[in-house]
Structures are given as structure tokens and as C-alpha cells.
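**Q** What follows is each chain in one-letter form.
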Amino acid sequence: MDMYSQAAWLIPLFPLAAFLVLTALGRSFRRAGILTGTAGSLAAFVLSMIIAVDRLGGRAVDYNYAFDWIRIGDYTLRIGFEVTNLTAMMLVVVTLVSLLVNIYSAGYMKDDERITVFYGYVALFTFSMLGLVLSDNLLSLYIFWELVGVCSFLLVGFWYAKPKARAAAKKAFIVTRIGDAGLLLGILLLFWYMPDHALDFTTIQSVFDGQSGAITTGITTLIALLIFLGAVGKSGQFPLHVWLPDAMEGPTPISALIHAATMVAAGVFLIARTYDIFLDSAAAMETVAYVGGFTAIFAATIALAQNDIKRILAYSTVSQLGYMMMALGLGSLTGGIFHLFTHAFFKALLFLGAGSIIHAVHTQNIQEMGGLGSKMKVTAWTFAIGALALTGIPPLSGFWSKDLILTVAFETNPLLFVAGLAAAFCTALYMSRLFFLVFTGKPGAAADGAHESPATMTAPLVVLAALAVLAGFIETPWNGWFGSWLSGEAEAAHGSGVAIVASIAVGLIGIYVGWLIYGKRSVSRTAARERLPWLVKLLEKSYYVDELYAAVVVRPLKTIGSLLMVVDEYIIGGIVRLTGIVTASAGRTAARLQNGQVQTYSLTAVIGFVVIIVAIVGRRFWP
Amino acid sequence: MSILQDIPILSLILLSPLAGLLVVLLLPKHRSGWMKTAAVTATLVPLALSLWLYADYDKQQGGAAFEEKLNWVDVPLNKELQDISEFVFKFQYTLGVDGLSLPLLLLTTLVTAMAALAAVHVKKRWKSFFVWFLLLETGMLGVFLARDVFLFFVFFEITLIATYFLIGIWGYFNRERAANQFLIYNGIGSAIMLLAFVLLVNTAGFRIDQAGEQTSFIYSGSYTDIFRNMADPTAWVNLSPDQMGAVNPFQMTDTMQWVLFILLLIAFGIKLPVFPFHTWMLKVHTEAPPSVVMIHSGILLKMGAYGLLRFGVLLFPEQARDWAVVLAVLGVINILYGALLAFRQQEFKLVLAYSSISHMGIVLLGLAAFNEIGLQGALFQLVSHGLISALLFLIVGSLFERTGTTELSELGGLARSMPFMSGVLLTAGLASLGLPGLSGFVGEFLAFLGLFESMRWLTALGVLGVILTAVYVLRAVLKITFGTQPERFGALKDARLVEAVPMIVLLAFILLLGCYPSVLTDTVQYSIGGLFEQLLATRAGG
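Heads up: the protein sequence lines correspond to chains A and B, in order. So the number in my numbering is just where the residue sits in the first sequence, counting from 1, plus 874. Take the second sequence: its letter number 333 is residue 318 in my numbering, and every next letter is one higher.
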């Protein structure tokens, strides 16, 4: 029975309808606006759940449907949707987080005069993200891929009056656009190499089965790397990660929805969708693994030195996305997607928790907080659960997924295993730093009068906390249910004692060190700064990547632009003016000949006569 | 059979603005309101008719059913020497549509109607403004409808003269300089075009009609005749003197084909504009009144691309194919040069002017692709850019009315006081940078897709332009709408109804084409497909 899957095309339409209604309503209907937005995502969530539950039974027949978008001669570009187990899972993640964010925002955005615009954007985003998930071919995926990007841009710049928000929105759009250009080229390449120019995932799967040899390895690698470039941009992988921390200028619920749980994971989803191309190219797989592994440790170290609560979480997201990429690159589709699944919940939880804190203390600087644990019990407890899940402490969800990735790394690539462990240690350290600075100790400057957030905000926290605890049990070292459900093949449950022990150990040590420094305070907090000032500075400045880009890309572009301006004005414009002047003066000279004197006329005539004679005579000797 | 085939629908479309022109002429001078109403109505009639025509157009059959033909000018030549009954230059009033011109025809009527609405900002001499305005529309419609090279030329010149006066009288501060530069530059282009047409008519235009006893030698300006002769290997134009008994004055040698192709490339390249012939249009963009710039950047530039396609590529396919790389390189230069310069401009109108150069580069890429996808892309890009740039300049006009400036450094934060207009501006900007779901993406994508088959590296360079486009569009649009509003503007009013209507209409078309491009591509497809089959069948072998 695929009756429910057939109705999947309805899912994105609910938020789309909500968006249209919200746009039509305008700004004055605040309550109605909130209800419309929430209802749209609720309907989408219910239908997604029904489809997912329906598919749990294992009679997973993929369903797809497409309509013609453009016909050109014999080719037809189609837009279509498809339901597989992977998309069903993504549908649930997207709609659930969207629903919770809708509820949460009713409290968080209560006093904003443009709250209906906010709900409209969120609905538009949800629509686009669902379209992306449901797409059955690369072209329609690309279309929605761009649309989620523009929604992200609109929401990052939601408080448009702030210059920082404007800069961040612009940066988010342009940096991801670099990746998108790569993805676009990948699609063009694929179009001309695929038999019948097919771009749908089913055909891609059958062409890149490792045997058909229809496409050479070199081209396969190129296609895979170009697609990966798109994923690098969207999922904030090094070196295109720079937009994600800045994107924290947007409202916090957006950070939870777009920049933690859904859109930034789209890169991982894209690679999973086109995984067969990657499997066909060892070089591409290796690139994905190393970029992911490097990003994981790179971003985790930066998070150690940040003071803005949202930036810490943003770098943490970058780092966790690195884990997912690493898993995919190491050949574990299950590992990557499983971590995407658990991460969506606990990271959304952490962001919404951070939002609750910011809502109470009106600052994002963790140094100014402190002692909030007793004033905000629900936030503190749920945040603790999220932090432990992220750190990878059993039996919370993050442990199972991270452990699976580390196990795979342990078995295949020791170097990346070490990088993963190091990143896990940093994760534990920066999360305990964050937690202890915010919730324990003496109340900070901004903590006066802080109080727990309203129920609309805490209820989503509780739901997400429950999921952060439970979501991991679908795939454990003893039970490979999720992996086999996802891939449709029975996957051997495998675990490695070493990896489990090591990952728990680094997590606990990290927390302990963090507690010594920031909780118990038996180690001076400024010790690192005193001994290694350059290192701290380097981390605080995020390795100066932004500055590097400014020097290597932005400034040269501006210089070239200015140079071309000069060329345009003086050389090209100059030649035009020169032509004009020459023509005009030639005209004046010719006019001066008409001076009424017979002598001038006869002289001219004689000259002309001589010229003609010379021409006629000369013509004979011309070869 | 539909009603439309029984009435001279093309002539009706072509002449309805002229009827409006007469009405405007007869109205009393001080009744500006009446004149505006009459002018807007006069642009709505051809819009309605062309929409009807578009809906009624049979894609497979093409536009043959609508063709209209009348004798126009016969210039008799000396026939005493030959034993023939007639020896003439024959120019006919021939109108026709096909999948190439129909979308552009609709674009013309649509953008002109919207520009007529936007002409509310005109402050003086309404009567002559609307007279020139409606004459301009007739000229543009004629360019896309004409099927005789001299008719085409005449209409092309009409647009030139009308635009000259519209810029020179109703423009901003430096209007006269801008108008003169416009006229000189385009006049040179026209002269070159005329030269090419004369050569064309004297070779490929020649035919012999044999009707019973009567033999007529005819030099014809008919596009159909010229196209058929050029494509027919047994036509005189393609036969060498040896095959004709040592003499064939009508043969077009290889060299001459190249000369003609290059002449046409320059003539229409100036209009398009192709780097380095672009400087004239910068002044037009900054100095002309907004409603004229809407037409200029929305339609007049497209005439260059249309001419290049209709006369350059379709009549000289071998040359075009040999020079595909040149076209592609020029296209890439246009894209990157325009984008980099747009990025450095301080004046919003100049940003948009350079942006037009950049976007016309994509059209060149589509032409250079020399396959169906690429040509589809080029044509789609023409229509799409016409709509988008018209919308952008519509907003510029309304903006200038309120703030008195379009300098980026003086603007900011308008989203607060003008949320509607800022929203439209942002959407238009997103369409311009090629966001899927809006029309800009489809044209770009198809052009790149087409070109990628033969020239990968150039396509990659062009795609680089896509990133730069995002950079300069967002820089300019966000500077205007985001941030905080300078205090001296005080309370700015959002768009009035008469301004909002054209914005919404243009936006609706941009959305429609972006979401469901088949509306346009299906119409274009059969014509392009048919032309391509003809080209490939008859000439590819050589």
C-alpha cells in the first residue's frame, strides 16, 4: 500500500498555502498569522508522520511522479517528487522541527511588529525545504536548493535595519552561491554525459552502479566533486563555512530551524541522494572524508574560544556537519544520515534553549551570564540534555550516531579516527564551558531579573529533549535497524569496543576538564591566554579566514572593478570620443575647402586628377 | 479556423498605437489627464490583441496563417536591354509572426503598456511625449512583425528617431548629450545594416518569376525569399560562375558571406550592445526618463539580439557556427565585464545599465551554443530580461520621484517606509540574479546548458558570472532597502495604485515564466526546431 506516499506531494503545499495566506493577510492580523503558519506546518507534519509510519513496515516501494517543465526538441526537463525511506525520514525531521519552531516563535517573536512576515518566511522556507527533500531529480532539487537559500537569506536579514544583519544576509547568499555554481556545473556535466540526458536519481543510481562504465572515472570524479562543492557551500564545510557563524544575526528560532536542523543538512542529504556517483569515484570519496574530518576538528577548536552563545553553537554545527561528511566519505551512508537525524533534534534543542536564555537576559555573551540554572529550570535541564547528547554521552542519541561514525573511521582510516576523537574532545570541552558559564556560578551582569520563558517556548524544548534522549535507539551497535531500513539491505550490526570506550572517555575527560576550569574553577580560566596568547587570538579570530578572503578575493575583485572602470571611461569611451572628434574635424577641414576661391577649387581638382591618373596607371602594375 | 485568420490581425496590432496617436493629436493641449488615458488605452489595445494572438497561435503550424502581404514600393529598372516584361526592385508590406517574434511582440506590447502607466511622472509637453511614445511603439511592433528587410529597416529607424526625441526632450540634466550620442552610435549601426541589406537584396533577393509568356526579373526584399534562396544550394546566389556559364552577378562568394555576416554582427552588436560598443547605452540609462528606459532596456536592446538571430545566425548559419567561439567569448566578456563594473558603480541606474550588458552576454552564449537548447535559452533570456529590467526601471522611476536621487550612498532603509516597493525591488533583484522560480533562471540555465555541449570552459566562466551577479545585485538592492533610512527623506509614501499595478503585472509574468516556462518555450520550440532542421538539412553538409 503506497496510498499515503502518493499523497506526499501535498506536504509542501500546506506551508505554501500558509505562506500565500500570510502574504495576503498583511501585517495587521498577528494572531491569525501565527495560527496560519503553525497550522500549515502541523498539517505537513501529520501527513509526513503518516507516510513515515506507513513505510516503517518494510514494504518500502519507492513512489514517484513527475510533470514536464520544459520541452526542448526531444529532451524534456521534468519536475517531480519521489518518496523513499530516506526522504520519508527527512520529511519528518523537517516538518517536526518546523512545527516546533512555529510554536516557539509565538513566544519568542511576540513583540516583533513584523511577526507575520516572519511566519510567512518560515512557511516559505518549509515549503522549499520539503520540495528539496521530495525532488526526484537533480534539476528540481537545485531549484528548491536555491529557494531554501533565499529563504535563509531573507531570515538572516530579517532585522534588516541592523547593518550586521544586512552584511550577514549578503554573505550567506553569496558564499553559498559559490557552492551552488559548482552544483550547477555538475548538473550541466551530468546532463550531457547521462544516457538520454536523464537527471533523475533512479537513473543516476542505475548508471553509476560501478559496472556499466558508461561514464569514465575522470568525469565521474569531476561530477562528484562539483556536486560536493554545492554541499560544501550549503553545509558550511571548510573553506565555505564562513557564512554560517555570521548567519546567527537572524532570529534564534531560525538558527534552530535553518542553520542547525534542516537546510545546512541539505548538503549531506544531497550527497546521500547522489551517493552512487560518489561510490564510483574513490578520489571523490576521499575528498569528502578529509574535508569533513578537517572541518570537524577545525570548527570545534574555534568554538572553544568564542563568547557569543550562538556563535559557539554555529561552529559546533559546522563541526558536526563535518562528522556527517566524514561518515559519507568513509562509505557509511547510515552513519552520515543517522547523525543528521539525531543532530537535528539535539542541535535544534540547543539553539531553542539558547533563544530562551537570550530572551531572558538580552545578551548573547556567555561571560555576562552565569547562575541562570536556578532561575530557568526547564531551560537548564533541557539544555543539559542537549549538551550531553551533543557531547556523545550514552545513552543519549548523539552517542549512538557519533559512535557509529567513529567506529567506521576506526576500521578504515586511523587518521580520521584520531581527528574525530580530537573533535569529540573539543566538543565536550566547549559545551561544558558553555554550560557552566551560563548556568552555574555567580549571576553575571545580565542575569538580573532573568526568568523562565513562557510555555510556548519551553514546551518545544521538552519535546526536543525527549527526542534527544530517545532518537538514538533506532541504530545501536547491536541493532542495525535504521541502516537496513535506509538502504533496503540487511546491514550487519557492528560495533567496536575500542571506539566505544575511546569516544566515551574523551567525552568524559572533556567535560571534566571543562568542569575544572569553568565549574569548580580550580584551574585558572586565563591560563591558556597567558601561556599561548597567539593561539587564543587565532581561535578567537577563527583562524583569520574572513580576513584571508578579504585580502585574496574581495579586494582584488574591487581593484579589478576599479581598473575596468578606468578602462571603460578613458580607453573605450576615449576611443569613441576620439572617433567623434576626428569625424568632426575632418568635416570642418572639408568645409574650409569650400571658401569660394577659384584657386582652391582648381587646386583640389588638379590633386584629384593626379590621384586618378596615378590610380589608373598604377593599376596596371598591380599584381 | 479562427476569427483571427480572417482579419488582418497583425496590421491591427501594428496600427492601433497610430490610431491612439491621432486621438492624442486631436485632444486639447491642456487636458493632460485625457491624453494619458488615451495613450494608455492606445497601448492596451495592442496588448489585448497580441495576447489573443498568442493564445490563438498554433505552435505546430507556425504563423503562416497570419501572414499579410501588400505591394508597397516598386522601383522599375531599365528593362529595354532584356526581353522581359518586368524588371523591378520590389519592396512589400509583408507582416508575419513565428515562434521567434511572437514572444517578443507580446513583450513589446506588455512592457509598453506598463511604461505608458509609468509615464505619470512626465511633467511637461504631454502631447508631444505621447505622440513620440506611441510612434515608438509602432516602430518596435513593426520591427518584430516586418518580413521585408526594407520594411524592417524603416521601422528600425522610426524607433531610433522617436527614442532620440524622447530622451532629448524629457530626459534628465545631460539629456541632449545622451540623445546625440545615442543617435550617432545607432545611426552608424543603421548605416551598416542598410549596407548589408542592400547587398543582400542584390544577391540573395534576386529571383525570376515565370508566368506564362511573362518573365519578370525581381529584386525582392522579402525575408522569406532571401531565406529560401540562401538555404537553397541550387539558387543563383549559391552557384559559382562556372555552373552558370561563366557569369553570375548574383553569386554570393564565401568572402562576401563573411563580410555580410560581420556587418550584421556589428550593426546589431551595437544595439545589443556587445562589448566594446556599449558606452552609448550607459548615458541613455542615466539620462532618459524612466518610462523610456523601461522600453529601451526592456525592448530596444532586444531588437539587436532579434536582428542578430533573424538575419545573422539564420541567414548565415555556417559563418555563425564557425564564429560560435567568437560569439561565446564576446558573451563571456559581456557577462564578466558588465558584472565587475556593475559591482563598482555608485549610481543605481548605472548598476542596472552594466547589469543589462552582463545579461545580454547570456543571450550571446545562447546563440553561440548553436543548438536548440541554447537558442531557446537566448530567446527566453530576452523576454525574461525585458520584463525584469522594465520592472527595475519602473521602480527606479518611482524611487526617484520620492527621494530625488538614485545614488546608492544616499539611499538606505527604504524597507521601513516603503515595504511594498522594497519587496518588489528585492524580488526583481532576485529574478535578475537568476533565482529559480523566477524567469531569470530559466534563460540562464538553458543558455548555459546549450553552450556546455560544445564549449565547457567558456560555460564555466559564464557560470562564474552568476556568482558576481549575486554580488552586485545584492550590494545595490540591500543598500537601498536594508539598513536605516537617512532622516532627510522624512516620511516616504509607498507605491500608489497607478504605480503598483504595472509592478504587480510585470512581477506576475516574471513568476509565471519562472514557474511554468513551457508557456513560452512551447511556442518557440517548433519554430526553432523547424528552422534548425532546415538549416541542418540544407547547409550542414557544406
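Do not take every clue at face value.
Calculated lysine to aspartate or glutamate pairs in the EDC-like style (CA-CA distance at most 20 angstroms, straight line) [to be verified]: (1) K1432/A to E392/B; (2) K1411/A to D1182/A; (3) K44/B to D942/A.
Across the chosen pairs, the derived CB separations fall in these ranges [stated by the list, open to error]: (4) L184/B to E1443/A: 17 to 27 angstroms; (5) V311/B to V1472/A: 49 to 59 angstroms; (6) E161/B to G1461/A: 13 to 23 angstroms; (7) V483/B to D948/A: 19 to 29 angstroms; (8) V483/B to T897/A: 19 to 29 angstroms; (9) I69/B to D948/A: 20 to 30 angstroms; (10) V1472/A to L184/B: 39 to 49 angstroms.
Bear in mind the hints are in silico, worked out from the structure with no lab data behind them. Even for Gly, the Cβ is constructed at its ideal location relative to N, Cα and C.
**Q** Checked against the structure, which of the hints given earlier come out wrong?
**A** 4, 7 and 9
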